[in-house]
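Q: Chain by chain, the residues:
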Amino acid sequence: MLDLLQSTSDGILFGATYALIGIGFTLVFGVMHKLNLSYAAASVGGAYCGLLVLKVFAGAPPLAVFFCAFLAGGLLGYVVYLACFHFIPISNPLATLMATVGMLLLIDEVIVHQTDGMPLNYPAMFDDVMLRAGEFTLRGDLLMVFVVSILCMAGLLALLYRTRLGLATRAVSQQTVAAQLCGIRVGQVNAMTFVVTGLLGGIAGAMIGASVGTLSPLLTTPLTVKGLIVTVIGGLGSIPGAIIAGLLVGGFESVLQQYRGVTERDLYVMLLLFVFLVFRPGGLFAPKGGRD
Amino acid sequence: MKKIAFAVALAFAATGTLAQEKTIKIAGFGAKSGVVRGFGINSEAAMLAAADQINKAGGVMLADGSKAKFAVEFLDDRCTAEEGISVIRRIAGTDAVVAVGPTCSNVAEPLFGILQKKVDDKGDSGLQMPVFTDVAIKVGLAKISEWAFRNVPNEITMYSSLFYWLKQKHPEMKTVFGGVEEDFAHSRATWYVVMKDRATANGYTIAGETKWLLADTNFATQVREMKKANADIVAISAHPFSTCGVLKEMQRQGVKPKLLVGLTSTSTLETMQGCAKQAEGMMIPTSFAPVTKEGKSASEATAKFKGAADLHSMAAWENMFILKQVMESEKISGKKDAASVQADRRKIRDGLAKLKVTKGLLGETKRTDDREADKPYLFVQAKGGNWTVLHNPL
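Chain order of the listed sequences is H and S.
Position 188 of the first sequence, counted from 1, bears residue number 500 in the working numbering, the numbering being contiguous throughout.
Position 309 of the second sequence, counted from 1, bears residue number 394 in the working numbering, the numbering being contiguous throughout.
The reader is advised that the hints may include incorrect statements.
Residues from chain H that face chain S, not an exhaustive set, calculated with beta carbons under 7 Å [stated by the list, open to error]:
#1 322
#2 428
#3 429
#4 430
#5 431
#6 524
#7 525
#8 526
#9 528
#10 534
#11 569
#12 570
#13 574
#14 575
Short, incomplete list of chain H residues facing chain S, as computed with Cβ under 7 Å [stated by the list, open to error]:
#15 326
#16 424
#17 530
Don't read these hints as lab results, they were simulated from the structure.
All of these numbers come straight from a predicted model, not from anything done at the bench.
No residue lacks a Cβ here, since even glycine has one placed at the ideal position from N, Cα and C.
Pulled out of the complex, with its shape left as it was, chain S reads as follows:
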């Protein structure tokens, strides 16, 4: 009797083990605190929504033919380099096969710096962890390491196209004045390296520039400078909080440029919630708007996980599906021992490196040799409290 009972118990245990779900862990990381917390929250929501959709469709196929579900864990890097590096080291110590993040360019740059620069370089003890960035958008970061990949739009291409289009549409406009958030890597680089350069290249004269800091609350001096310059176009390279502060001060001082151009990261819900009236008419190039069936569906799915769809969070969504594709094509094992996890990481890295084209929510995205993305984009404009599509240049 005891032997029968033991055999039955053993059979149940074996069944339980067999039925245990296989999981593939994907670690997300980004700013879940601080001024850009919204971006981290939205990326997490998009990753969870994408994982949910993938899992409901059966999950990802492993090398042995079985299927595994995605398990997403999102960590807060507080938008600081020290915390970001600490987080990626922590992720590398787990069984996560890939990391999606970070939010901030000031985190991405030093973080990519601690990854192994060249694959198979035995003299480089850098971290061997594939990082697939969804948000950090400062130009040219992925070339820092062969383990770094980005699915972010190319701001040089987008702003070049925008200023070219504006020149065609409004040839009477000659001057651009820049407002720049000086202490944030993305906004700073975008004005000095992208907007200013591309505006000049398209025949505009830079009438001047003024600066402020991310946490500034008084923009009277800066807006007075803007008023004196009296440029046709005012380009504001700043995130939503200070953008709204400047726009409100512009309204108070009666500064009304003919056109307003904003930073990619400002084409979000946060700007509309903060200063829809003052931002009316602002134009921004973006790599996401819910204009396709897939885009609308991704947007709705993300909303169910309490996130908003914008160019950054939807890149996180796209990353999940790209990773599924790569994992299946490279036949990862999904095993949890350290050697297998590292082998899977290497396969994912190699798979991402091989990609020439991926499927995006706005259309096909080309992958470049330096592990960046050449994403389709369009121009949106703030109208009646929403970002509406102004022009599709492609």
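Excised from the complex, chain H in its bound form:
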């Protein structure tokens, strides 16, 4: 019973990072009805950029690294928008999808070339803290990652529901033509969406680096896959869905690893995806369709 509780709590805490990645995928899909497959790679890229702070100021605190990753993520998000979406006709969905695949590979290669493929240490906060209740433990750094992730999600929801930008974003996602007719600059909203998701991605990458302790180019592919799974299970375009799905996938993965071993773990995560695709293809919180 203790093992079950421990695996579940560890998985849910780590699943907060999957939720952040899933939110990035789902937000772009919600606004532009397109998938940005380079999102996880850009998140990891943002996290790597965060380490530049340590090159300039050797003893910089972890918060400075996270902040730099946050900003770099936003910048990378804008670059991805320009390279893969802005100049490509909206009417050609395959072109943007393939462009983002190319961008994923490009970011991966740049990381590998700049770091020679070597994993780099990533600073963490409270990594020496372990909260104990008998045999049950909670990692201090994972708790911090969880809290930061929740705060980011809350910040995003506040942005979407309490600001003009959020209003414009929701309008564009529901009815692009009508939003345009109302004077909303769709191009600008799309660009800001990528910047906002990029900022979120930078934090996600930094939190993942902090929880793992090292950053490696190895992380981009599994994070992309997990992000897509979370997005589909949560419901394409649903932010609450991505949050719940992220925590669900994290917990599920951890519990299955405990009882079925690491070699079968990913098998069951994929089976979970197939179950949702067959029985609930819209995901947990399928958003209502627009009037078009």
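With chain H's structure known, arrange chain S on it following the hints.
A: Relative to the frame of chain H, chain S by itself:
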């Protein structure tokens, strides 16, 4: 006047042709992308450094008495079997007389499978290209083909010796718990076929084992299993990235075995850069440490080509000098036409097969009948951010 000018021009052209440097092409191949990219980079650097040293000393003597310089080209096989096979076929289509590689055992095994199994077997249309491996270390691969040769240490011998030595030094320690990177051919084989077997043979009880994947980032479950087992020795058969992940999780959960044993490929700079503090005290058997004059010199030369010296890259260095020796003893022609290139490849293969002993950076290396190497080795330990020599068993 025109005739004089023409004659002068002809003379210059002839001089130019005569002065054109002869080269012998050696193709290197290995992982230059992916998680084990470091090994490919280091092997390339070692090959280039060795070639540079050989060329500065005049190069390799050909059958006609002239000398040729080594030209090294290193190709990326991405640590995948498909790419490795594609690369070796590409190399076979060039004038390269031998290939040095690959990095990954999961590439070496299928790659050796496409080489001609038995020399002079007219019914076997396999590739006739000598491959001299520097890194791929999974046990017993060279016997797949008579065109495959390896200069890698024998992990069975090394771990047997290590566990024997540990038993003598620490007789109070009885149990071993294994952590294994399950989806990588080398790490997987080394735990199941080597470490587990050799530990048992030396009187240890296997207290259990736990598994993870190469790209895993969360090791909480595995380390909990390790903690429950409470073994005296924890043997981690994994490459640097996941080894560091596990060691950091062990630190978080307060898991402190009396001894830590690591995989040969983890005794590298990458581990020290990733988790020097957590790896403190880890012991690994290795076939290279810069303890001899030649070793130090090779290490410095490789660093000039932006590579690090470890048991794998220094095998690549040794391979270059062994190949020089073989080329000279077998009197290769160095000619570039297809028939001559193939003839030279055959000579190199036969020369490598004849070798009984080669010169290594730690001392003499014996060659076995199944085209493997019996290399000298020692035990290193992670101390203060460096791999230091713990014990020389020979």
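Q: State for each hint whether it applies.
A: Verification of the supplied hints:
1. 322: Since the shortest Cβ distance to chain S is 5 Å, the answer is holds.
2. 428: With a closest approach of 6 Å, the residue 428 of chain H hint holds.
3. 429: holds, 3 Å
4. 430: Holds, because the Cβ-Cβ distance from residue 430 of chain H to chain S comes to roughly 6 Å (cut-off 7 Å).
5. 431: holds, 5 Å
6. 524: Interface hint status for residue 524 of chain H: holds (4 Å vs cutoff 7 Å).
7. 525: With a minimum Cβ separation of about 4 Å from chain S (threshold 7 Å), the hint on residue 525 of chain H holds.
8. 526: holds, 6 Å
9. 528: Holds, about 5 Å.
10. 534: For residue 534 of chain H, the interface hint holds, since the closest Cβ of chain S sits about 6 Å away, which is under 7 Å.
11. 569: holds, 5 Å
12. 570: holds, 5 Å
13. 574: holds, 5 Å
14. 575: Status holds, d = 6 Å.
15. 326: holds, 6 Å
16. 424: holds, 6 Å
17. 530: With a minimum Cβ separation of about 4 Å from chain S (threshold 7 Å), the hint on residue 530 of chain H holds.
The earlier numbered hints are all upheld by this structure, with none contradicted.
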